[in-house]
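Engineer: These protein sequence lines map, in sequence, to chains U and Z. For the first sequence, the numbering used here begins at 115 and goes up steadily by one. For the second sequence, the numbering used here begins at 91 and goes up steadily by one.
Quick caveat, the hints were computed from the structure, so don't treat them as lab data. None of these values were measured; they are calculated from a predicted model. Hints are supplied without guarantee of correctness; some may be wrong.
As the list claims (entries may be wrong) - Which bits of chain U does chain Z cover? Going by a derived footprint, with three or more residues having C-beta under 8 Å, they are:
no. : region
1   : 157-168
2   : 256-270
3   : 281-290
Unchecked claim - With a Cα cut of at most 25 Å, we get these calculated SDA-like pairs of lysine to any residue:
no. : chain 1 : residue 1 : chain 2 : residue 2
4   : Z       : Lys266    : Z       : Pro205
5   : Z       : Lys266    : U       : Glu178
6   : Z       : Lys266    : U       : Trp144
7   : U       : Lys282    : Z       : Gln103
8   : Z       : Lys266    : U       : Leu148
9   : U       : Lys278    : Z       : Glu113
10  : Z       : Lys385    : U       : Ile193
11  : Z       : Lys266    : U       : His149
12  : Z       : Lys209    : Z       : Glu289
13  : U       : Lys282    : Z       : Thr105
14  : U       : Lys282    : Z       : Arg110
15  : U       : Lys282    : U       : Leu292
16  : Z       : Lys204    : Z       : Glu308
17  : U       : Lys282    : Z       : Glu101
18  : U       : Lys282    : Z       : Glu113
19  : U       : Lys278    : Z       : Thr99
20  : Z       : Lys266    : U       : Leu181
21  : Z       : Lys266    : U       : Ala146
22  : U       : Lys278    : Z       : Gln106
23  : U       : Lys282    : Z       : Thr102
24  : Z       : Lys266    : U       : Thr147
25  : U       : Lys278    : Z       : Thr102
26  : U       : Lys278    : Z       : Thr105
27  : U       : Lys278    : Z       : Arg110
Glycine included, C-beta positions come from ideal geometry on N, C-alpha and C.
What follows is each chain in one-letter form.
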Amino acid sequence: MKAITATLDRDEPVEPVLQRDRAAAQTQEWIATLHTHGPMLLAAARAITRDEAEAQDLVQTTFERALRAAPTIRNSLAIRAWLLTVQTREALRVVRRLRRTLRFDPTVHELPVGGPDTSVSLELDEALGRLSRPIRAAVVLHHMVGLSVRETASALGVSENTAKARLKTGLARLREWLDED
Amino acid sequence: MKTESNGGTAETQVTQKLARLYEVELDRAERDFPTMRLAALEAGERAPRPRMKLRLVSEAVAIVAVGAIVVAGGWLAANPQTPAGPAPAASLQFGPDGIPNQINGERVYRIADKPEWEKLSSSFLLGTSPYLVAPSCFATQVNAPSGSSDQHLIQSSCGTMIVGITVAPAVMLAPKSSSLLQTWLGSPVVMRAHTHDAEAASCAAANRASCDASVVVEEVVWPVIPTQIAGENVYRASDQATYSTLTRSFLLGGVFVKPDLVPPCPMQINETAAEQQLLPYCYVLTIGGEQLSPKSSIDEPRGELVVVRAHVNDPLAADCPAATRTACQDAIVVDSVVWHSDAVLQVSPSFGVVGPSSTPPSNGTSINAPGPSVGAGGASAGASSGTGSSVVAPPPPIDSPLPNAS
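Given the sequences, and given the hints that come with them, work out the whole structure.
Structural biologist: Written out as structure tokens, the structure is:
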């Protein structure tokens with residue numbers, strides 16, 4: 115009501131202001147929803163990219179895209195998988211594009227510390243880093259974040275069979291490398 | 091090496107370790123996530139990806155511009171009798187940031203030109219790529235009543251998670267106008283803007299200088315879409331009152347937005363077939379913010395500028411229940427795409443420099459250049475898509491999702 119009064123004082127039409135307020139409220143609601151998924155996105159991005167700067171960048175990109183898509187998403191149950199899909203595809207696409215023109219410098223991946231079995235984490239983390247990015251993305255999404263095989267396939271933009279093959283390959287390699295160690 | 095017999099157990103152990111690793115990573119992310127965003131805001135840093143993206147855009151622009159010139163040159167050589175039309179868009183001089191340096195002779199300022207444009211008393215063209223400031227506490231917090239001029243011109247958001255749009259680390263757009271750029275985030279645009287907004291006079295004395303310096307966007311003037319195609323007016327979303335009454339098909343232009351991913355939609359057992367075809371219920375496609383019916387025939391890259399042939403009052407609306415019949419009748423059904431152009435660069439020897447909407451928003455200050463008509467060859471009713479880009483291949487879509495990541 116306050117907003118309407120203020121608007122009338124300025125001789126502006128009421129309806130646009132109401133629409134604007136409605137849109138702002140929807141946007142804020144959407145942002146609050148996104149906010150809850152932020153840590154999950156960051157954790158997944160770190161695991162997939164192995165690069166802190168790229169991971170943060172990826173999360174920001176995902177947020178940016180999600181905010182642009184705010185009016186187009188209605189199915190709240192699919193938001194988590196949708197966000198991971200946007201992020202994963204972006205992660206894979208960026209690499210694909212940059213490979214044409216740039217060479218990445220090796221970067222140091224910050225390892226999680228403080229867990230009860232840090233040495234195991236370190237070995238696993240190192241093994242995870244040896245996987246190719248598409249396979250690692252599949253492993254991260256399915257075995258770490260907990261997406262279903264179907265959702266993982268969708269996020270990767272591949273068929274379920276391909277996703278299953280990547281998961282199988284990924285796990286086999288991890289097992290092999292962990293055994294070697 | 092494990093044997094096959096115990097391979098399954100070993101894999102289970104690996105998956106358990108992965109789950110534990112994720113728990114640790116998630117804990118760390120929960121600690122870092124808020125800090126990450128606050129740090130970025132306090133430092134006023136722009137994310138590295140947009141810069142990278144901009145560089146890629148610039149490269150794409152350069153490549154396509156060269157291609158366009160070559161193709162246009164060949165095309166012109168092969169068609170020496172072609173009458174002179176509007177200046178081809180390829181004649182636009184682009185800066186290294188992929189943004190025109192001039193539009194119809196008017197200089198397009200950059201953010202770096204702030205010392206010049208901030209002193210201007212009239213509106214000016216500002217070329218930049220707007221970015222979203224993630225929700226959190228902005229550096230400049232203003233304690234001002236809701237709906238006040240202070241809030242319209244300078245952000246007041248700490249703790250309320252209001253979205254802000256920035257065009258440079260130190261240049262936030264006035265909240266009252268930043269919504270104009272929602273669909274252009276991350277893309278280079280030229281906007282008509284002004285500082286010294288009249289509303290600044292209503293700001294509290296302590297905030298007046300900030301209000302006065304606030305950048306108020308009036309409209310986006312590039313990239314834009316044709317005003318007419320083969321003599322037929324191209325409506326905008328804002329013309330809804332007019333086209334919603336039409337019984338014939340019409341042209342509708344604007345930015346096409348669709349989800350990055352179309353989610354699987356659950357069955358709507360409570361809706362009739364007509365409703366499911368006409369009323370969006372799971373995901374929404376929009377042009378210029380106007381929702382399109384699911385029945386629409388459109389499959390363009392997200393964020394592309396399009397002109398579509400569409401209709402309302404679809405015959406199916408008669409099958410909708412009384413409660414939703416009006417909504418069904420109002421549903422915009424796209425029949426075909428008659429024109430599309432990459433949002434980053436509009437180059438084609440057959441198109442002119444496209445001008446602003448023929449029906450600009452009333453509060454807009456348009457460029458004094460009529461929007462050229464597109465040749466009839468590309469605009470007949472129901473024409474297939476790609477009339478422009480069939481001549482010049484557009485740059486690779488920056489925002490389109492990966493078709494296949496394998």
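Engineer: Compare the structure with each hint and give your call.
Structural biologist: How the hints compare with the structure:
A stretch counts as covered by a chain when three or more of its residues have a beta carbon under 8 Å from one of that chain; for the region 157-168 of chain U and chain Z the count is 4, and the coverage holds. Proximity of the region 256-270 of chain U to chain Z, defined as three or more residues with a beta carbon under 8 Å from a beta carbon of that chain, is established by the 5 residues found. For a cut-off of 8 Å, the count of residues in the region 281-290 of chain U with a CB near a CB of chain Z stands at 5, and the three-residue condition holds. Taking the CA atoms of Lys266/Z and Pro205/Z, the gap is about 23 Å. The hint holds against a cut of 25 Å.
As the CA atoms of Lys266/Z and Glu178/U are separated by approximately 20 Å, the hinted pair is consistent with the 25 Å bound. Restraint check: the Cα-Cα separation between Lys266/Z and Trp144/U comes to about 19 Å, which is no more than 25 Å; the hinted pair holds. Of the supplied pair hints, the one linking Lys282/U and Gln103/Z holds, its CA atoms being roughly 14 Å apart against a limit of 25 Å. Proposed proximity of Lys266/Z and Leu148/U is supported: the alpha carbons are some 23 Å apart, at most 25 Å.
Between the alpha carbons of Lys278/U and Glu113/Z the distance comes to roughly 23 Å, so the proposed pair stays at or under 25 Å and holds. For the given pair, Lys385/Z sits about 24 Å from Ile193/U by alpha-carbon distance, which is consistent with the 25 Å threshold. Proximity of Lys266/Z to His149/U is assessed by CA-CA distance (about 24 Å); at most 25 Å being required, the pair is judged to hold. Restraint check for Lys209/Z and Glu289/Z: satisfied, since their Cα atoms lie roughly 17 Å apart, inside the 25 Å limit.
At most 25 Å may separate the alpha-carbon atoms for a hinted pair to count; Lys282/U and Thr105/Z meet this at roughly 11 Å. For the hint pairing Lys282/U with Arg110/Z, the CA-to-CA distance comes to about 19 Å; that is within 25 Å, so the pair holds. The hinted pair formed by Lys282/U and Leu292/U meets the criterion: a straight-line CA distance of about 15 Å does not exceed 25 Å. About 18 Å separates the Cα atoms of Lys204/Z and Glu308/Z, which keeps this hinted pair within 25 Å; it holds.
The straight-line distance between the Cα atoms of Lys282/U and Glu101/Z is roughly 9 Å, inside the 25 Å bound, and the hint therefore holds. A hinted pair counts as satisfied when its Cα atoms are at most 25 Å apart, and Lys282/U with Glu113/Z qualifies at roughly 22 Å. A distance of roughly 18 Å separates the Cα atoms of Lys278/U and Thr99/Z; the hinted pair therefore holds under the 25 Å criterion. Between Lys266/Z and Leu181/U, the direct Cα distance comes to roughly 18 Å. Compliance with the 25 Å bound is thereby established for this hinted pair.
Using a Cα cut-off of 25 Å, the hinted pair Lys266/Z and Ala146/U holds, with the two alpha carbons roughly 21 Å apart. Restraint check for Lys278/U and Gln106/Z: satisfied, since their Cα atoms lie roughly 18 Å apart, inside the 25 Å limit. A threshold of 25 Å between alpha carbons decides the hint, and for Lys282/U with Thr102/Z the separation of about 12 Å falls inside it, so the pair holds. Restraint check: the Cα-Cα separation between Lys266/Z and Thr147/U comes to about 24 Å, which is no more than 25 Å; the hinted pair holds.
Proposed proximity of Lys278/U and Thr102/Z is supported: the alpha carbons are some 16 Å apart, at most 25 Å. The hinted pair formed by Lys278/U and Thr105/Z meets the criterion: a straight-line CA distance of about 14 Å does not exceed 25 Å. A hinted pair counts as satisfied when its Cα atoms are at most 25 Å apart, and Lys278/U with Arg110/Z qualifies at roughly 22 Å.
Violation of the numbered hints given earlier is absent; every hint is satisfied by the structure.
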